[in-house]
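Student: We have chain A already, so just place chain B on it with the hints.
Listed in order, the protein sequences are those of chains A and B.
No gaps in the numbering here: position 460 of the first sequence is 460 in my numbering, and each next residue is one more.
No gaps in the numbering here: position 143 of the second sequence is 143 in my numbering, and each next residue is one more.
Hints are computed from structural coordinates only; laboratory data are not their basis.
Glycine is no exception: its CB is placed at the ideal position from the N, C-alpha and C atoms.
List time: in silico DSS-like cross-link candidates among lysine-lysine, alpha-carbon distance up to 25 Å:
1. A:K344 - B:K173
2. B:K204 - B:K158
3. B:K173 - A:K309
4. B:K102 - B:K179
5. B:K201 - B:K114
6. B:K179 - B:K57
Over the 10 Å line for every Cβ pair with chain B, so calculated as not near, a few chain A residues:
7. S213
8. K309
9. P346
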Amino acid sequence: MRRPQPWLVVVLAGAVVGALFAAVSTYDFVQHLDRQVHNLHCSFIPGVSHGAGESGCQVAMMSPYSSVLRTHVWGGVPIALAALSVFAFLVFYALDLVVTRRKDDVRATGFLALATVLPALASAVMLVISLEKLGTTCKLCVGIYLASAACLIGGIGAWRRARHGAGGTAPDPRTERWDRRDRPREEPAFVGTAKTGSQARLVAVGVPTGAASARFLAAMFVTGVAFVAVPVVLYLALAPDHARFIGTCEGLPHPTDSYGVMVRIEHGASAAAPAGAPAIEVLDPLCPACLAFEERLAASGLGPRLDRKAVLFPLDNTCNWMVTEATHPGACTVSEAVLCAGDKAPDVIAWAFEEQDRIRKETAADPSAAARIVKQRFPELAACVGSPDARARLNKSMRWIVANGIRVLTPQVFVGNVKLCDEDVDLGLEYTLSNMLDRQARGGLAVTPPGKAPPPAAPAPAKPHGGAP
Amino acid sequence: MIGRAALLVVLLAIPAALTGVWIRSADARLAELSAAPAELAPVASASDVAYCNPELKRILRRVLMSCGLVGGNAARGCQPVQARNVATMSGHDFNALFQPMKDRGGIVMFDQDKAELTAQDLGLVDQVFADQRGASWFFVVARASPEGSVEHNRELSKARAEAVMAHLRQQFKDPDLDKEVGMLWLGAEFAQLETEFCAWKHSKGGTCSPEQLNRSAFVAWIDCQL
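The following block holds chain A by itself, in its conformation from the complex (with noise of 0.2 Å):
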């Protein structure tokens, strides 16, 4: 009978495990590609808990860290798919050990904990992205981090008892049919010396020597890498065309600043920098989700691309007839503040996105708290925000607003004066924006009727836009 080795268990039962957990994340992932917003699984039992709202799993599958090739299709490819293809040739190799009595074997096991390395590294680096960058970590990452873990402590285990074994230890009688029965087939495990003119003759001493050939180890290495090019592959090829989209979402009637309302949302590139193309957000600087689509521009590395502009959009009913509450309670103050500040516009949303917490839970508990909050901030503003001139102008950017038929949510963003709809924001920003940005360079963007998409363009050619992936 075959028995396993106790660290092939250990790393049978991590990439199994890991498996599960990277299958579930890679499902919740896939199930964006038809642009609704989905519940997802997050649990430290894979496939428990499909829940909704704001989680660790959320934040981490909508970051710009959960996939590659973000720019070559919608939503990239997940790295849990990655993770799945790892996991499912360690279950494989793991196997393969036990199946051609390589379980012992130096080489061989040291080639396991090598490939044990990749998922643990792996790990290690979206664990250090998860605290670091996202400030949270999600159930379903921390279960294929545990599983990765487990993995290289198997495949460390393996490789250290079969070196173990092949340091020269005596032959164990109780185990020495079994290791010969075992041995490789195609070559003998160990072979003893025999002099000259002795009884020449082969000296099984139950420690294997017979290692798996370069040609061996570089069939599995390839087929490692076949595991994961495979289902990558096929994923690019059968993702949804998204580009059809593009331009179908709205456009702007009436782009020209007539009221003089838009504000820089950034300090303006260096005269060197070559001009970005043209873009307008309508921004809340107190929306959570202006402030997150923020990150994931700065993150997408597709920012100095743009030439970006901000029509102010509170959603607060002190000054916002089209909310019926103060979603965002502060925001008109802050946004008055933006506008009295003119040049210095970038630096009070940048101030506003840090606080924002903030001054809508204070504003929430005292409607003056956003005045006082933003005077004590920048006192130098203190005489124009709440002015009737202030007021006035926030009135005008709203205006705009209304007369350029925008919807009632923010932020929204429209490029050359089309629109990146609304399910581009997240996942598929840095596809459908690159996209967006190839298409007006070209003078190829405009809005186009829904139903009326033109045939998806060309792939763009793969650009580095020195962004994290």
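Tutor: Quick look at chain B alone, frame taken from chain A:
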């Protein structure tokens, strides 16, 4: 060997097959959803509040057209006779139209026989005008108290309306000003304000006599769409 190959194929096929099935499923949903009309957020629009009933809108349209705001009429502002004719109603009923706008307006009170705006007057005009919200129309309805001749009172009320308009033009530099501000100067001939309007915001603290109330420019935003 066959067993190893089978193991390889099965384990390689699992992620690939799952990926394929899930993507196909998402693609099918996408096609289905693309064909159906999407649920979208409402479109931004100007205010159209509850008091904007069809009767009010009918009169508002006639006043606005006759007084040069809509319809391309080159003339700007309405005189008492025009106002009475287009409103086709009594002065009392005309004033009653504005009653629901109490929170959206104010009364700028001038000194007798004066059309200059004081600091308090300017403050009130600025306060009311800055609070446009979603309103489409701003009315300046100037009056005079009964002292003085009919002609003089017409001129005086016209000067009061124009003083408010000039201030708005200078203070707010609003490119839509001529499309949204309607002026009426009624002298003392039509729709004199009654004391119930003393409850409105006004620029003179303290007393509020009928004379003071009509030495005025009534300013208010009207939250109606035509």
